[in-house]
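A.B. asks: Going line by line, the protein sequences match chains A and B. Quick note: the first sequence uses my numbering, first residue 1151, plus one each step. Quick note: the second sequence uses my numbering, first residue 1212, plus one each step.
Among the hints, a few may not be true.
[Stated by the list, open to error] Pair ranges (Cβ atoms, derived):
1. PHE1279(A) to LYS1441(B): 46 to 56 Å
2. THR1212(A) to GLU1232(B): 37 to 47 Å
3. SER1253(B) to LEU1216(A): 53 to 63 Å
4. THR1212(A) to GLU1329(B): 58 to 68 Å
5. ARG1231(B) to PRO1261(A): 19 to 29 Å
[Said to hold, decoys possible] Computed list of lysine to any residue pairs in SDA-like fashion (alpha-carbon distance at most 25 Å, straight line):
6. LYS1257(A) to ARG1311(B)
7. LYS1402(B) to TRP1285(B)
8. LYS1346(B) to LEU1277(A)
[Claimed, not checked] From the structure, some residues in chain B lie toward chain A, with a derived Cβ separation under 10 Å:
9. LYS1262
10. ASN1265
11. ARG1291
12. ILE1294
13. TYR1296
14. LEU1315
15. LEU1374
16. LEU1390
17. LYS1392
If you're looking for bench data, these hints aren't it; they were derived computationally from the structure. Backbone N, C-alpha and C fix where the C-beta goes; we use that ideal spot for every residue, glycine too.
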Amino acid sequence: MNVWQFMLQNRIEVMELTLEHLWLVGTSTLIAVLIGIPLGILITRWPALNKPILGSANVIQTIPSLALFGFLLPAPWFGERADRMAILALTLYALLPLIRNTYAGIKGVDPAVVEAGRGMGMTDRQLLFQVQLPLALGVIIAGIRVATVISVGLATIAAAIGAGGLGEYIFRGLAMVSNQVILAGAIPAAILALLADVGFGLLEKSLAPKS
Amino acid sequence: MPPEFAIEFRNVSYRLDGGRELLHDLSFAVQRGETLVLLGKSGSGKTTSLKLINNLASPSQGDVFVDGRSTRDWDVIRLRRMIGYVIQEVGLFPHFTVERNIALVPKIENWPGGRIQERVRELLSLVGLDPQLAKRYPRELSGGQRQRVGVARALAVDPPILLMDEPFGALDPITRAELQKEFLALQKRLKKTVVFVTHDLREALLLATRIALMEDGRLVAIQTPEEFLKSGEPLARAYVAAFGTEVRPRGDS
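Just chain A, with the same shape it has in the complex (with noise of 0.2 Å):
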């Protein structure tokens, strides 16, 4: 039996931990994008607040996957179910592009075009959402590109405290020392990584302010 009729048999599961992969990666990019684009903005204002949110960020993208997990399991309410313990290491990895990004695609915005607003009286809330966001926006969306893409491939690692995914397959396989289940799992993870890389590659050109 190959890999092809292995996934045919299985349809369903195979469907299921399709789904149940792409909830752990939507829920958690989602609420990364909520937490990393307000603090991208904010340390363009505090610049004070820069190397310590950046710094926090940057370790908690150094702490190895599984070992992330694995100190999340003590942690109160999330360690009481696997999936809220794997979105929240999720959301976690994926803060450092979404922050990054957004202070780079801010402070990227031409100084002469900020300043021209600004000596024409625009308020500093005027300035954010009507010329430095809207100018940022590719930059922006590039990091939810590169946070969406590493998530999905991170998640695979998730089925590790139970919390499923495609990841089960990749386990499961490794187990059977079977490498058509390991590609049952792997291969829908990679076109989920491919699909989010060009969905959101085609998004970041069409908002993309040309210049």
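Based on these hints, arrange chain B on the given structure of chain A.
C.D. replies: Just chain B, lined up with the frame of chain A:
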């Protein structure tokens, strides 16, 4: 009674946080409706002086008065909205059409939509731009056109004061001459109080009511173009000599 001067610098010094002094004890006044040209080399403090007027920077010592009130006491947003600002890099918003760029200040001042549209059309013709360009983006315009849009945008809410920081510096000589001529015609009609920064003596002589010559953050002299050409001031003489015989006061050709 409105205060005598539109803008007045009183013993203004400006120091960077690091301690370097960019402006030293500047005192001068700008009359209503005149074009005061700040002339000087790069680093002489022209642009900094300009930014003190719309409070993009604030003096370390002394006061800048706009309409008789110190910029320290102005609500900074109100102050800036009554001062048009044009810079060399133009600073048009690349993600806005020409129309939206020009309409920026009217919009944040909550003008009704109809009035904004009318004003945009009016301004486009005022600065000599085809109304068809309204829907274009800045990247689709030539340098001269962009600079015209910059001027239109600065004039949008009809501010009594206009600050222009080398607005024509990046243009080719032909376009520059054209825009200078149009600026003169425009100024004759609108009678704004203009503070204009340049390092080009020819431009200063052509446009200025008075020229304020600056060096190393100090005001060297403030004279009419005619006086400037005959000036005994060594720096003024050096300028005139550098530009040779090409320079002539306005109306002399």
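A.B. asks: With reference to the structure, classify each hint as holding or not holding.
C.D. replies: Consistency of the hints with the structure:
no.	hint	result
1	PHE1279(A) to LYS1441(B): 46 to 56 Å	holds, 54 Å
2	THR1212(A) to GLU1232(B): 37 to 47 Å	holds, 46 Å
3	SER1253(B) to LEU1216(A): 53 to 63 Å	holds, 58 Å
4	THR1212(A) to GLU1329(B): 58 to 68 Å	holds, 59 Å
5	ARG1231(B) to PRO1261(A): 19 to 29 Å	holds, 20 Å
6	LYS1257(A) to ARG1311(B)	holds, 23 Å
7	LYS1402(B) to TRP1285(B)	holds, 24 Å
8	LYS1346(B) to LEU1277(A)	holds, 22 Å
9	LYS1262	holds, 8 Å
10	ASN1265	holds, 6 Å
11	ARG1291	holds, 3 Å
12	ILE1294	holds, 8 Å
13	TYR1296	holds, 4 Å
14	LEU1315	holds, 6 Å
15	LEU1374	holds, 8 Å
16	LEU1390	violated, 18 Å
17	LYS1392	violated, 24 Å
Hints 16 and 17, counting from the list given before, are not met by this structure.
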